[in-house]
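The listed protein sequences derive, respectively, from chains U and F.
Following the numbering used here, the numbering of the first sequence begins with 147 at its first residue and continues without gaps.
Following the numbering used here, the numbering of the second sequence begins with 637 at its first residue and continues without gaps.
Any given hint could turn out to be false.
[What the hints assert, rightly or not] Listed below are the simulated DSBU-like cross-link pairs for lysine-lysine, each with C-alpha atoms no more than 30 Å apart in a straight line:
| # | chain 1 | residue 1 | chain 2 | residue 2 |
| --- | --- | --- | --- | --- |
| 1 | F | Lys-701 | F | Lys-640 |
| 2 | F | Lys-678 | F | Lys-690 |
| 3 | U | Lys-315 | U | Lys-263 |
| 4 | F | Lys-774 | U | Lys-555 |
| 5 | F | Lys-640 | F | Lys-765 |
| 6 | U | Lys-267 | U | Lys-230 |
| 7 | U | Lys-555 | F | Lys-668 |
| 8 | F | Lys-698 | F | Lys-762 |
| 9 | F | Lys-698 | U | Lys-508 |
| 10 | F | Lys-690 | U | Lys-475 |
| 11 | U | Lys-394 | U | Lys-267 |
| 12 | U | Lys-267 | U | Lys-418 |
| 13 | U | Lys-508 | F | Lys-642 |
| 14 | F | Lys-701 | F | Lys-765 |
| 15 | F | Lys-659 | U | Lys-555 |
| 16 | F | Lys-659 | U | Lys-508 |
| 17 | F | Lys-659 | U | Lys-475 |
| 18 | U | Lys-163 | U | Lys-508 |
| 19 | U | Lys-508 | F | Lys-690 |
| 20 | U | Lys-508 | F | Lys-668 |
| 21 | U | Lys-508 | F | Lys-640 |
| 22 | U | Lys-475 | U | Lys-508 |
| 23 | U | Lys-263 | U | Lys-412 |
| 24 | F | Lys-774 | F | Lys-659 |
| 25 | F | Lys-774 | F | Lys-678 |
| 26 | U | Lys-231 | U | Lys-267 |
| 27 | F | Lys-668 | F | Lys-774 |
| 28 | F | Lys-690 | F | Lys-701 |
| 29 | F | Lys-659 | F | Lys-765 |
| 30 | U | Lys-475 | F | Lys-668 |
| 31 | F | Lys-640 | F | Lys-698 |
| 32 | U | Lys-394 | U | Lys-298 |
| 33 | U | Lys-475 | U | Lys-231 |
| 34 | U | Lys-555 | U | Lys-508 |
| 35 | F | Lys-698 | F | Lys-765 |
| 36 | F | Lys-698 | F | Lys-659 |
[What the hints assert, rightly or not] Quick list of simulated restraints, FRET-style, between CB atoms:
| # | chain 1 | residue 1 | chain 2 | residue 2 | range |
| --- | --- | --- | --- | --- | --- |
| 37 | U | Gly-269 | F | Asp-734 | 57 to 63 Å |
| 38 | U | Asp-172 | F | Glu-699 | 56 to 62 Å |
| 39 | F | Ala-773 | U | Glu-417 | 43 to 49 Å |
| 40 | F | Asp-734 | U | Gly-177 | 56 to 62 Å |
These are calculated hints, taken from the structure and not from any lab test.
All values derive from a computational prediction rather than experimental measurement.
Just so it is clear, CB atoms sit at the ideal spot from N, CA and C, and this is done for glycine as well.
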Amino acid sequence: MHDSVTIKDNSVLDVEKVRKDFPILDTFVFGHPLVYLDNAATTQKPEAVLKAMEEYYHAINSNVHRGVHHLSQQATDAYELARKKIAEFIGARHAHEIIFTRGTTESINLVAASFGKRFLKTGDSILISGLEHHSNIVPWQLACEDRGATLKVIPIDGNGEMVLDGLEKLLEGVKLVSVNYVSNALGTINPVREIIAAAHSRGIPVMLDAAQAVQHMELDVQELDVDFLAFSSHKIYGPTGFGVLYGKESWLNELPPYQGGGEMIKTVSFEKTTYNDLPYKFEAGTPDMAGAIGLGAALDYVQQLGLSAIRQTENNLMAYALEALREVKELRLIGRSANRAGVLSFLVGDIHPFDLGEILDKQGIAVRTGHHCAQPIMDLYCIPGTVRASLAFYNTRAEIDRLVVGIRKGITLLS
Amino acid sequence: MTIKEKQDEIVADFELFGEWMDKYEYIIQLGKDLPLIDPQYKTDDNLIRGCQSKVWMHAEFKEGKIFFTADSDAVITKGLVSLVIRVLSGHTPREIVDAELYFINAIGLSSHLSPTRSNGLLSMVKQIKIYALGYMAKSTQS
Ligand SMILES: Cc1ncc(COP(=O)(O)O)c(C=O)c1O
Chain U
147 MHDSVTIKDN
157 SVLDVEKVRK
167 DFPILDTFVF
177 GHPLVYLDNA
187 ATTQKPEAVL
197 KAMEEYYHAI
207 NSNVHRGVHH
217 LSQQATDAYE
227 LARKKIAEFI
237 GARHAHEIIF
247 TRGTTESINL
257 VAASFGKRFL
267 KTGDSILISG
277 LEHHSNIVPW
287 QLACEDRGAT
297 LKVIPIDGNG
307 EMVLDGLEKL
317 LEGVKLVSVN
327 YVSNALGTIN
337 PVREIIAAAH
347 SRGIPVMLDA
357 AQAVQHMELD
367 VQELDVDFLA
377 FSSHKIYGPT
387 GFGVLYGKES
397 WLNELPPYQG
407 GGEMIKTVSF
417 EKTTYNDLPY
427 KFEAGTPDMA
437 GAIGLGAALD
447 YVQQLGLSAI
457 RQTENNLMAY
467 ALEALREVKE
477 LRLIGRSANR
487 AGVLSFLVGD
497 IHPFDLGEIL
507 DKQGIAVRTG
517 HHCAQPIMDL
527 YCIPGTVRAS
537 LAFYNTRAEI
547 DRLVVGIRKG
557 ITLLS
Chain F
637 MTIKEKQDEI
647 VADFELFGEW
657 MDKYEYIIQL
667 GKDLPLIDPQ
677 YKTDDNLIRG
687 CQSKVWMHAE
697 FKEGKIFFTA
707 DSDAVITKGL
717 VSLVIRVLSG
727 HTPREIVDAE
737 LYFINAIGLS
747 SHLSPTRSNG
757 LLSMVKQIKI
767 YALGYMAKST
777 QS
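All chains, please: the whole structure from these sequences, using the hints.
In structure tokens, the structure reads:
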């Protein structure tokens with residue numbers, strides 16, 4: 147591992163030093179040094195992750211859990227070690243409570259399909275919020291449609307915060323609650339503890355979409371007492387195409403398999419197949435070995451930096467950015483929660499977000515524009531979308547300054 | 637002027653700009669100057685929905701030629717829309733169907749034709765071709 151990553155808890159990171167771990171940050175775009183502020187879409191990968199994946203393919207690549215031969219054993223060990231690291235990272239009681247998937251989207255689809263099949267009946271409902279990514283809306287719509295159930299929605303206020311006043315009433319008839327921990331569209335950190343407590347008091351399980359949470363704050367599934375939790379490797383400095391579903395052992399044992407194939411079976415005959423134990427029951431087919439090992443390396447990296455140092459560094463930068471953006475009088479933040487992580491969503495005057503995004507791009511500044519896969523929120527605010535700048539610990543104050551200059555240039559050109 | 641001549645003229649105009657800022661300033665000005673589509677035609681039927689920005693377009697067939705008016709909610713898109721209209725409006729269906737639009741690449745705005753950006757311009761160009769094909773089919777029938 148890189149020597150720059152020995153930093154004590156509670157301190158802030160030496161950002162200039164940490165940036166050296168991410169070669170892509172030295173890229174030039176249209177003649178300008180890249181300012182990468184699209185971290186909520188995907189984060190960049192440190193050298194340590196790239197190296198771990200390369201080493202896997204160079205030295206031990208082999209199919210897991212199958213071969214009697216030496217390489218297969220080594221690959222299996224590395225793959226299962228990654229599962230242990232992931233379990234420890236989120237505080238799971240058992241490694242077999244970690245199911246490997248392709249990402250948050252697949253993790254949610256797995257629970258929606260399997261939970262729906264086993265527990266959802268006509269007249270039941272699923273509760274989500276008005277602040278969800280499409281990945282935490284559509285799988286539940288599909289499950290509800292399939293089972294004759296209905297989808298209920300926790301309302302959102304003008305600041306982009308969930309309104310929990312009517313929660314008790316909303317929970318009536320609900321079989322499962324699935325909400326995001328941190329909003330990818332507005333950056334709001336949601337009151338998930340309160341939601342979990344209210345749901346559990348009625349014996350209702352809760353799933354958390356933690357796609358925008360795990361990379362920004364310490365999180366412990368046992369302490370949260372959450373029943374299911376999903377996140378994506380690529381948003382926490384790991385490789386793309388890989389992700390995690392955590393489920394409490396007791397729940398996972400209750401759910402039927404999601405897909406059929408190799409790995410997930412014990413015995414197969416044409417009359418009857420018996421399923422494998424956890425976690426393999428939910429992992430049909432040859433898995434993404436390099437993905438697991440890459441995510442393991444990413445979590446090692448994050449832990450060596452220290453999540454509390456990451457959080458402190460990012461909070462400082464967020465405060466700086468909020469202050470800097472406030473100086474631009476034509477700019478209005480969309481989502482005004484004080485309790486936020488990672489994301490700044492905004493509009494400037496009556497400039498279309500797409501136009502501003504393009505002018506920023508020309509200046510080497512990467513932001514995202516549009517509805518951020520959260521159309522219901524944009525409809526709530528009656529806007530076509532926003533410009534979203536999303537931060538990671540490797541972003542600098544100088545980059546925020548460049549964003550502000552870029553926005554001002556956009557204002558000059560576009561209004 | 638032929639469609640090709642019009643495109644070459646635009647490309648030559650854009651070669652005069654040294655800075656990307658100047659180029660964008662010009663496109664944005666074109667967007668602001670674009671004669672707006674008659675409000676009666678700014679309907680959902682005439683809406684070409686991109687993922688990011690919207691384009692409204694209306695076509696009229698007069699004396700063997702097609703004339704377009706259009707609008708967009710994003711001003712850079714609108715500027716490019718006005719260039720596409722300058723190039724294609726007032727031509728016969730056959731000329732429009734056969735036209736190859738190379739000027740958008742040549743002036744360095746090819747990203748606007750990328751399906752991943754899907755900002756309405758690409759869909760608009762497709763829609764124009766579909767109109768032209770429709771009119772061509774009609775005129776060969778009669
Ligand atoms: C809150 C949230 N949920 C779900 C997803 C979907 O993640 P993935 O595309 O990695 O499956 C994202 C990613 O954009 C997200 O931000």
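Against the structure, the hints:
In summary, the hint linking Lys-701 (chain F) to Lys-640 (chain F) is supported, as the alpha carbons are separated by about 17 Å, within the 30 Å threshold. A C-alpha spacing of about 11 Å is found between Lys-678 (chain F) and Lys-690 (chain F), which places the hinted pair at or below 30 Å, so the restraint holds. Our distance criterion of 30 Å between C-alpha atoms is met by Lys-315 (chain U) and Lys-263 (chain U), whose separation comes to about 25 Å. Taking the CA atoms of Lys-774 (chain F) and Lys-555 (chain U), the gap is about 49 Å. The hint is violated against a cut of 30 Å.
This hinted pair checks out: Lys-640 (chain F) and Lys-765 (chain F) have alpha carbons roughly 16 Å apart, not beyond 30 Å. Taken as a hint, the Lys-267 (chain U) and Lys-230 (chain U) pair is broken in the structure, with Cα atoms around 36 Å apart against an allowance of 30 Å. Restraint check: the Cα-Cα separation between Lys-555 (chain U) and Lys-668 (chain F) comes to about 18 Å, which is no more than 30 Å; the hinted pair holds. Proximity of Lys-698 (chain F) to Lys-762 (chain F) is assessed by CA-CA distance (about 21 Å); at most 30 Å being required, the pair is judged to hold.
Distance hint between Lys-698 (chain F) and Lys-508 (chain U) is unfulfilled; the C-alpha atoms sit about 41 Å from each other, more than 30 Å. Annotation: proposed proximity of Lys-690 (chain F) to Lys-475 (chain U) holds, straight-line Cα distance about 27 Å (limit 30 Å). A hinted pair counts as satisfied when its Cα atoms are at most 30 Å apart, and Lys-394 (chain U) with Lys-267 (chain U) qualifies at roughly 22 Å. A C-alpha spacing of about 26 Å is found between Lys-267 (chain U) and Lys-418 (chain U), which places the hinted pair at or below 30 Å, so the restraint holds.
This hinted pair checks out: Lys-508 (chain U) and Lys-642 (chain F) have alpha carbons roughly 27 Å apart, not beyond 30 Å. Proposed proximity of Lys-701 (chain F) and Lys-765 (chain F) is supported: the alpha carbons are some 13 Å apart, at most 30 Å. Annotation: proposed proximity of Lys-659 (chain F) to Lys-555 (chain U) holds, straight-line Cα distance about 14 Å (limit 30 Å). A C-alpha spacing of about 11 Å is found between Lys-659 (chain F) and Lys-508 (chain U), which places the hinted pair at or below 30 Å, so the restraint holds.
The suggested pairing of Lys-659 (chain F) with Lys-475 (chain U) holds, with an alpha-carbon distance near 27 Å, which does not exceed 30 Å. Under the criterion of a C-alpha separation no larger than 30 Å, the hint pairing Lys-163 (chain U) with Lys-508 (chain U) is consistent with the structure, at around 27 Å. Using a Cα cut-off of 30 Å, the hinted pair Lys-508 (chain U) and Lys-690 (chain F) holds, with the two alpha carbons roughly 22 Å apart. A distance of roughly 20 Å separates the Cα atoms of Lys-508 (chain U) and Lys-668 (chain F); the hinted pair therefore holds under the 30 Å criterion.
In summary, the hint linking Lys-508 (chain U) to Lys-640 (chain F) is supported, as the alpha carbons are separated by about 29 Å, within the 30 Å threshold. Proximity of Lys-475 (chain U) to Lys-508 (chain U) is assessed by CA-CA distance (about 23 Å); at most 30 Å being required, the pair is judged to hold. With a C-alpha separation of about 22 Å, the suggested pairing of Lys-263 (chain U) with Lys-412 (chain U) holds against the 30 Å cut-off. Taken as a hint, the Lys-774 (chain F) and Lys-659 (chain F) pair is broken in the structure, with Cα atoms around 40 Å apart against an allowance of 30 Å.
With a C-alpha separation of about 25 Å, the suggested pairing of Lys-774 (chain F) with Lys-678 (chain F) holds against the 30 Å cut-off. The suggested pairing of Lys-231 (chain U) with Lys-267 (chain U) is violated, with an alpha-carbon distance near 37 Å, which exceeds 30 Å. Under the criterion of a C-alpha separation no larger than 30 Å, the hint pairing Lys-668 (chain F) with Lys-774 (chain F) is inconsistent with the structure, at around 35 Å. At most 30 Å may separate the alpha-carbon atoms for a hinted pair to count; Lys-690 (chain F) and Lys-701 (chain F) meet this at roughly 26 Å.
Simply put, Lys-659 (chain F) and Lys-765 (chain F) have alpha-carbon atoms about 27 Å apart, close enough for the 30 Å limit, and the pair holds. In summary, the hint linking Lys-475 (chain U) to Lys-668 (chain F) is supported, as the alpha carbons are separated by about 23 Å, within the 30 Å threshold. Distance check on the hinted pair: Lys-640 (chain F) and Lys-698 (chain F) sit about 22 Å apart at the alpha-carbon level, within 30 Å; holds. Restraint check: the Cα-Cα separation between Lys-394 (chain U) and Lys-298 (chain U) comes to about 24 Å, which is no more than 30 Å; the hinted pair holds.
Restraint check: the Cα-Cα separation between Lys-475 (chain U) and Lys-231 (chain U) comes to about 46 Å, which exceeds 30 Å; the hinted pair is violated. Between Lys-555 (chain U) and Lys-508 (chain U) the alpha-carbon distance is near 11 Å, which keeps this suggested pair within the 30 Å criterion. For the hint pairing Lys-698 (chain F) with Lys-765 (chain F), the CA-to-CA distance comes to about 17 Å; that is within 30 Å, so the pair holds. Our distance criterion of 30 Å between C-alpha atoms is broken by Lys-698 (chain F) and Lys-659 (chain F), whose separation comes to about 34 Å.
Take Gly-269 (chain U) and Asp-734 (chain F): their Cβ atoms lie about 59 Å apart, and the range 57 to 63 Å holds. Between Asp-172 (chain U) and Glu-699 (chain F) the CB atoms are about 59 Å apart, so this pair conforms to the stated range of 56 to 62 Å. Separation of Ala-773 (chain F) from Glu-417 (chain U) is about 59 Å and departs from the stated range, judged on CB atoms against 43 to 49 Å. Checked against the given bound of 56 to 62 Å, the beta carbons of Asp-734 (chain F) and Gly-177 (chain U), roughly 38 Å apart, lie outside it.
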